[in-house]
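Dock chain V against the given chain G, drawing on the hints supplied.
Protein sequence lines, in the order shown, are assigned to chains G and V. The first sequence: position 109 = 109 (UniProt numbering), numbered continuously. The second sequence: position 71 = 71 (UniProt numbering), numbered continuously.
Please note that a few of the clues may not be correct.
With beta-carbon atoms standing in for the labels, derived distance ranges [unchecked claim]:
1. K46(V) with E29(G): 29 to 35 Å
2. K32(V) with S148(G): 25 to 31 Å
3. D102(V) with E161(G): 43 to 49 Å
4. K36(G) with K144(V): 36 to 42 Å
5. D113(V) with A100(G): 51 to 57 Å
6. S148(G) with K144(V): 41 to 47 Å
7. M99(G) with D102(V): 52 to 58 Å
Hints are computed from structural coordinates only; laboratory data are not their basis. Please read all numbers here as calculations on a predicted model, not as lab measurements. Ideal placement from N, C-alpha and C gives every residue a C-beta, glycine not left out.
Number of protein chains: 2
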Amino acid sequence: MTNQNKACSKSYIAGVSFSIHPMSDQFIEIIKGALKEVDTSKVHMKTDDVTTTVRGKLVHVFDVTKAIFLHAAKTGEHVAFQATYSLGCPGDSQGEAFMAEDETLLNSSLVKDIKQSVASKFSLYPLGGGDYMDVIYAQIEAMKKHVSVSPTHYSTRLDGEAVAIFDGLENVFQATVEGGSSHTVMTVSISANSPSHKGDMKNG
Amino acid sequence: MTNQNKACSKSYIAGVSFSIHPMSDQFIEIIKGALKEVDTSKVHMKTDDVTTTVRGKLVHVFDVTKAIFLHAAKTGEHVAFQATYSLGCPGDSQGEAFMAEDETLLNSSLVKDIKQSVASKFSLYPLGGGDYMDVIYAQIEAMKKHVSVSPTHYSTRLDGEAVAIFDGLENVFQATVEGGSSHTVMTVSISANSPSHKGDMKNG
Numbered sequence: 001m002t003n004q005n006k007a008c009s010k011s012y013i014a015g016v017s018f019s020i021h022p023m024s025d026q027f028i029e030i031i032k033g034a035l036k037e038v039d040t041s042k043v044h045m046k047t048d049d050v051t052t053t054v055r056g057k058l059v060h061v062f063d064v065t066k067a068i069f070l071h072a073a074k075t076g077e078h079v080a081f082q083a084t085y086s087l088g089c090p091g092d093s094q095g096e097a098f099m100a101e102d103e104t105l106l107n108s109s110l111v112k113d114i115k116q117s118v119a120s121k122f123s124l125y126p127l128g129g130g131d132y133m134d135v136i137y138a139q140i141e142a143m144k145k146h147v148s149v150s151p152t153h154y155s156t157r158l159d160g161e162a163v164a165i166f167d168g169l170e171n172v173f174q175a176t177v178e179g180g181s182s183h184t185v186m187t188v189s190i191s192a193n194s195p196s197h198k199g200d201m202k203n204g
Numbered sequence: 001m002t003n004q005n006k007a008c009s010k011s012y013i014a015g016v017s018f019s020i021h022p023m024s025d026q027f028i029e030i031i032k033g034a035l036k037e038v039d040t041s042k043v044h045m046k047t048d049d050v051t052t053t054v055r056g057k058l059v060h061v062f063d064v065t066k067a068i069f070l071h072a073a074k075t076g077e078h079v080a081f082q083a084t085y086s087l088g089c090p091g092d093s094q095g096e097a098f099m100a101e102d103e104t105l106l107n108s109s110l111v112k113d114i115k116q117s118v119a120s121k122f123s124l125y126p127l128g129g130g131d132y133m134d135v136i137y138a139q140i141e142a143m144k145k146h147v148s149v150s151p152t153h154y155s156t157r158l159d160g161e162a163v164a165i166f167d168g169l170e171n172v173f174q175a176t177v178e179g180g181s182s183h184t185v186m187t188v189s190i191s192a193n194s195p196s197h198k199g200d201m202k203n204g
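Isolated chain G (complex conformation) (with noise of 0.2 Å):
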């Protein structure tokens, strides 16, 4: 390991730009209620018009999303997530600022035990190098103790509760880095309450 990769597994500055769609004439109710259950004093985060920004450390970074996530799906309302999941060495000068908070998780308890059953699928692209395939079959391995998995066209399916899998995409993600790669990038989608699972029709 490369003293690079090293003072990356120390710091973990991780960032992710995501959105979430509920499809409903009430996604604007939707998502502004599932933002304010959510504590984000832990992140740097940032919204425009086309996707939400989140820096900080990694762990934060997970705990911010899996609560929006879980709050704007437990409307019962069909909901979509896609997120871009990132961790680069390169300074992220904003996010460093979120770096002095300790790794205490401000909302993982709240959404532990809401069940929710999702569809969802991922790709993890490591950009830095390292022994990364074998890392990434050691967690999708893992995975499978916790969630359905199963193979798809550019990416892994994922069925089961949202929990397990955002757990499960951030051990993957962290045990790619530490796997070597200096520069990672994973993208994940997720559906939640789709008519599809009830044969209505299909699409995301």
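The following block gives chain V in isolation, referenced to the frame of chain G:
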């Protein structure tokens, strides 16, 4: 250029995993309506409850996704589009069946006059080497002739007409592949008719 890259440049078997989300109670009708208007006969397309996958020649993959987005957005509803375009040499057997198709676009002329102002973000991940940074910078410069371009965290923001943005994205993607990246991934988020554009709220 290696023989492998040469083979890729000739064939351009590309794929995309995407989803389209109308933020409306009528989301099923909007999606079904858009799909009905698009000719997908030159690609392999498969939809499940998380994403839709389209595979075939690169030109048809962009032609089909651009048309689906525009037919959904022209309803005037707030529509979000998320896609991961992918091109890699490793064989894609079901997609290959569609490589015999010619390059005449089936949808482009039907959507080229649809005026649809959008906000978009894209990120390019050349996983296969090559002088890709020079290619990316050159392509971002080239895109400035057509749409407004600005840097954002983890991606590049584009504002302008949807047709110009899709055409620009196709050019960027193809140029990156031709620049020597044997495996290229590009993530795209596009938002149309967002209330944020009118200042109602801030979210995609």
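Going down the list of hints, with the structure as the test:
The hinted range of 29 to 35 Å is satisfied by K46(V) and E29(G), whose Cβ atoms lie roughly 34 Å apart. Between K32(V) and S148(G) the Cβ separation comes to about 28 Å, which falls inside the hinted range of 25 to 31 Å. For the pair D102(V) and E161(G), the supplied restraint of 43 to 49 Å holds, since their beta-carbon distance comes to about 47 Å. Our hint of 36 to 42 Å for K36(G) and K144(V) holds, since their Cβ atoms are close to 39 Å apart.
For D113(V) and A100(G), the hinted distance range of 51 to 57 Å is satisfied, since their beta carbons lie about 53 Å from each other. The hinted range of 41 to 47 Å is satisfied by S148(G) and K144(V), whose Cβ atoms lie roughly 45 Å apart. The beta-carbon spacing between M99(G) and D102(V), approximately 54 Å, falls within the hinted interval of 52 to 58 Å.
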